[in-house]
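There are 2 protein chains.
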Amino acid sequence: MDLLSSTPLACARFVTLKTTHGALPKSTHFLRPRIPTFSALMSPPSTAVLYENHGPPDTVTKLLELPPVEIKANDVCVKMLASPIHPSDLNIIEGVYPVRPPLPAVGGREGVGEVHSVGSSIQGLSPGDLVMMSPPSDGTWQTHVVKDQSFWHKIDKDTPVEYAATVSVNPLTALRMIEDFVDLNSGDAIVQNGATSMVGQCVIQLAKLRGIRTINIIRDRTGSDKAKEKLKKLGADEVYTQSQLDVKNVKSLLANVPEPVLGFNCVGGNAATLVLKFLRQGGTMVTYGGMAKKPVTVSTSAFIFKDLSLTGFYLQKWISSDKTQECREMLDYLLGLIREGKLKYDMELVPFSESHVALDKSLGKLGSQPKQVIKF
Amino acid sequence: MDLLSSTPLACARFVTLKTTHGALPKSTHFLRPRIPTFSALMSPPSTAVLYENHGPPDTVTKLLELPPVEIKANDVCVKMLASPIHPSDLNIIEGVYPVRPPLPAVGGREGVGEVHSVGSSIQGLSPGDLVMMSPPSDGTWQTHVVKDQSFWHKIDKDTPVEYAATVSVNPLTALRMIEDFVDLNSGDAIVQNGATSMVGQCVIQLAKLRGIRTINIIRDRTGSDKAKEKLKKLGADEVYTQSQLDVKNVKSLLANVPEPVLGFNCVGGNAATLVLKFLRQGGTMVTYGGMAKKPVTVSTSAFIFKDLSLTGFYLQKWISSDKTQECREMLDYLLGLIREGKLKYDMELVPFSESHVALDKSLGKLGSQPKQVIKF
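Residue numbers (UniProt numbering), protein chains in the order written: chain A, 1 to 376; chain B, 1 to 376.
Hints are computed from structural coordinates only; laboratory data are not their basis.
Please note that the accuracy of each hint is not assured.
[Unchecked claim] In the DMTMM-like style, the derived pairs of lysine to aspartate or glutamate whose C-alpha atoms are separated by at most 25 Å in a straight line are:
1. 306/A with 156/B
2. 293/B with 307/A
3. 317/B with 188/A
4. 306/B with 180/B
5. 293/A with 246/B
6. 232/B with 179/B
7. 277/B with 307/A
8. 342/A with 246/A
9. 306/B with 94/A
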């Protein structure tokens, strides 16, 4: 039996070899763990989705049992309840994302769980408390996570776990983008592409709560009529497929919605061009994703005469600028909306044992799917 | 003899038909002028480069003699001394610029002259004063311009006229772009393309005066070595032709110059991409021209992870936001630098009678040429 070197959780565990896709890993050159002192408080063993090397997530990840780790004075051991699979999680495993945990690493960066046991110095958290990881941090795709208390934010036990597991990345992105770039007033409008995404759904609802109208662009695909209906039920003012916008002047389609002053782009390519076309004089487009893997193309006259500004949003950067407290206040606000039924979005809960299927779905191998959330 | 309807100068003049390129205009349906009262103060007749319709500047402009106009109480009649030909002047004649004077119109929007006579209410300006047009306004390509006193800014008689004629568009653009977008400190760096342009030359010198380094990108062409030398003499820290930047990592070329925080783009296409490549994390690119007539292309990751912001600068918008006084203070500052020999740039002075050649040169029909300035 080999031993695992320090994981992103800064712990070392014994390893039971088993991959999520059946094949045994070829190389498992792990280091021996430090032997804990006899009296040390230990976590339970943890079953984890782990990768030793960067590569395609469906081939490099393995489901492994990691050995107990010491729970130090300021640590909290959390029995995970739910954790989502984000495109950025996949990019991190692929090694194409700026976040690069040391290898081997456990996947996932966001999630919720129940406090299992606490270190000797911990105050304010007790076994049974519902906590979410905030700020996001590596290694949520496992049954038991041990981390310093600064990573855990206690939340209301009435919060649906699938929402608590997902609120700190996408809904927070939507909230920050609405708040941070343009001074919006009730009656203003926002245009966004990728509107069926979790961020997109949140933008619609958070905007509506502020009296802000939304113009939403979605892909042409089977079921786009249903998708339109769904977004309109969430509060979308206008929803167009890209092909509907293949007209000379997209603004001629706007009936009662004013020209938008702010645009969100998570796609790139033509879908970004459509956002730019809708924007009013002096408008701003914020890019926060690049799902089409195509660049944004802008005429020089759009900068000079239409006075457009283009910028980007990267939640990780925002969080790392020492905004933990501000961040948690916003999460509480969002969780409050969720509990009141004012903020909802599509998810599919998947048992942990089926996490390889959730991974395949997240990779798009099974067509368009809602956000996959692992339930432990 | 036909009569000309109200020109952009809001005056009406008798017309002698003669085009800059020899051909007589096909249609000259001009209205009769209002007959001035017997005692009215009148301007001299004015010879002007005029166009009746939008189109190619070398075919739609004509050199015409316009009749005297009344000098009203608040008007100043200025005998023009010099006025430049800008690409935007050509775009206005072509009808592809947001500024659209009513037709027929006299070309040009910037220039300097000597006060010839003043209206009955004028104080602070007398015949013989040197005045420049500020804010820029239509109709400087003529020997005598009559406009409200608010358009004229009195300047030091020691100012070289070719500089006084050209300071309010390009040098002011350079100054505003350095001042308005990023809080620059001594030791910071700027990257720009189109560095041999008049704005580019001013950026180099105004930056150097502030201890700011410049990285300059120029076109590949015969004489690029000479152009490099020239820019370095003005104070450029680094000058590269585009082909020199066809390397994997442009930043590896920077020896002692820090990664730039601000970039200026007046070209578009690949030259804009090069500016973006040089910019440091969180940098800003300001587009103020599109000489290559190609769009700006940006990867979504440049927005998200490199945190780049792209925006535009349009002097006309800046000036029209009621900044006449602030603007004139900056012009005085720039003219001071010029008189001290701290700000200079290439120009070619062309006699008014040769304005059709200057137009051809400005249109690029005779290869790369310095800024053409009509001397009356």
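Unmet hints by their number, sorted upward, for this structure: 1 and 8
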